[in-house]
Amino acid sequence: MKLTIKLFATLREGRGKILEDEYPADTTPKDILASLKIEEKDVAILLVNGVDGELDKPLNDGDTLSIFPPVGGG
Amino acid sequence: MYGYRGKILRINLDDKSIKKEDLNMEWAKAYLGGRGLATKYFYEEVDPMVDALSKENKLIIATGPLSGTPTPTGGRYMVITKSPLTDTIASSNSGGRWGAELKFAGYDMIILEGKSDTPVYIDIQDDQVEIKNADHLWGQVVSKTTELLNKEVGEKSKILTIGPAGEKLSRIASVMNDVDRAAGRSGVGAVMGSKNVKAISVRGTTKPEVHDKEALKEVVSTMNKQIKDNGVTGEGLPTYGTAVLVNIINELGAFPTNNFQTGVFDKAEEISGETLAEKYLVKRTGCYGCPIACGRHCKVDDLEAGGPEYETIWGFGADCGVSDLGNIIKANYWCNEMGLDTISASTTIAAGMELYQRGLIKDDELDGTPLEFGNSDAIIEWTKKMGLREGLGDKLAEGSYRLGESYGAADVSMAVKKQELPAYDPRGIQGQGLAYATSNRGGCHVRAYLISPEVLGLPEKLDRFELDGKPQWVKTFQDLTASIDSLGLCLFTSFAMGAGDYAAMYNPVAGTDHTADSILETGDRIWNIERLFNMKAGLKKEDDTLPKRLLKEALPEGGSKDRLALLDQMLPEYYQLRGWDESGVPTESKLKELGV
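Heads up: the sequence lines are chains A and B, in that order.
Taking my numbering, I'd label the letters of the first sequence as residues 1 to 74.
Taking my numbering, I'd label the letters of the second sequence as residues 75 to 670.
Bound conformation, chain A alone (with noise of 0.2 angstroms):
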């Protein structure tokens, strides 16, 4: 299934911003953190469609991942 990957801020260092790809079906965000070399606890916010995502639940074809580090601001 086609998945694109969003990454924020820190992550984006040797990664890129914008990650669009072919993954297995039933994989979860936690695939796609390891698959990216990017540990759970450097998450701070990780989103599927905009709305609050869930590590282990497994994504759909199209969704959109948007992943961020620890940020704030007023």
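No lab work stands behind these hints, which were simulated from the structure alone.
Treat the hints with care, since some could be wrong.
Result set (DSSO-like, lysine-lysine): computed pairs, CA atoms no more than 30 angstroms apart in a straight line [as the list claims (entries may be wrong)]: (1) B/K635 to A/K17; (2) A/K17 to B/K357; (3) B/K81 to B/K94; (4) B/K225 to B/K357; (5) A/K41 to B/K302; (6) A/K37 to B/K299; (7) B/K225 to A/K41.
Since this is a predicted model, take the numbers as computed values, not measurements.
With chain A's structure known, arrange chain B on it following the hints.
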């Protein structure tokens, strides 16, 4: 006297008298300092029905007991007055170095009364205080005023000033300090301008006494470590500044675009914190005593200046449909030079763009610079004209509500209590909507920053669409924030600290015995006295609301698609938790309990 300096500078501009009064320590015990204590003074001394731009209004500039101490971020001051924008209590907060310097000069606060018949500035050099002629400064932009004053009174003095917008009584004028820091919101600069006070220069050479130096040293070291170890204050804010939020809020579909017509800006990446860091960032800057240093200095063409912050990038960017970050940096610069609040100035231009879109503002009013969404020249040109009240800029200077009203379309104003909303669409972040609607100074995100739990997951992650529990979160955040402001610290410390940490810092400074509970209770007291002032100023339950668009028009796309702000389902519980009656009025028993 520990923490506090124990002195107020009371300056009457009618008869040019300068008095040094003892600080009321009973009140300081109950209201801490800064925002809380100044509001207590204001409440006791000023008729809530006063016309905000009349000489009967007063302007208080206050520091907190931790301002100018070694506590992290202890450099802040607040401007308390009745707002000409909202007719509520105003309390605008700023960093930089000026606040700490006032403390070093020996004063906790300054109260300005009356009105000078000619432009003046006030020069403070420790115990020497003079009111001086400011004819030569009147009309100057902020950086020039600062430069001229530093030549006149000394390079070491810190300068607080208004720009042309404050002189011309723009209801969205800010008070500026240290060139590019702003007590931005609620038109406090217009009140200073109405008194014909252009600036206050201050130089101080003594520090406040501390009750227990050793204990303070220990707690400051612990808190600095807590700040460094926290992902937001230790890495996110120092690396990217506040602008890193652009992409996050846009991904949630809660990034107000084209005057809140949608929550997704398809060019967000072009104006993001990441792009800012890559293309424009020159250096990071920090306020007095700050280990975070979220401030930015950016360069575009031949212009190098402080900022921009997330809110400003959003306001001139997505909310005006503009993706040219270079021009956003320039518009931010002109806001600072004119002394305009960047949130209200940018979103008033966005409201003007919607009036143009609706055909209500015509081309013949626009001097060749159309107010079209996406016009990146318009944000610069109309900011300058707003500051100088030229052409349509005269109407823009009144803020979005009065601008819309003048065209029979006040509904273009995305404001609460006539103050423009900031950069988070409450249709996608429900608790923030309740915080906006109940804010004591109108549309504002820093009376209770629910983005922290609802988006960033601090101190714990909440579902942003859920309503249950949000009224309690809003109340707790409002109370805690009131105390943080009143102590004289930056709200950003709260990403890494809780109520108990603030008590732990205040106690060794002032010799008090505060706890987490008493810090929150003090915040509750401050919140209630602000509310009481607003009620006496004529505000009603009906004013605790959101713009109709946010209640009635669902977001059309993105991560918050089809959502509305469900305020009515949260407000009654909020009143109940506050101990207010069904009309939102603080009950006698609640006020008695708090000793208000």
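Structure-based check of each hint:
1. B/K635 to A/K17: 24 angstroms, holds
2. A/K17 to B/K357: 23 angstroms, holds
3. B/K81 to B/K94: 6 angstroms, holds
4. B/K225 to B/K357: 26 angstroms, holds
5. A/K41 to B/K302: Answer holds: A/K41 to B/K302 is near 16 angstroms, not above 30 angstroms.
6. A/K37 to B/K299: 28 angstroms, holds
7. B/K225 to A/K41: 52 angstroms, violated
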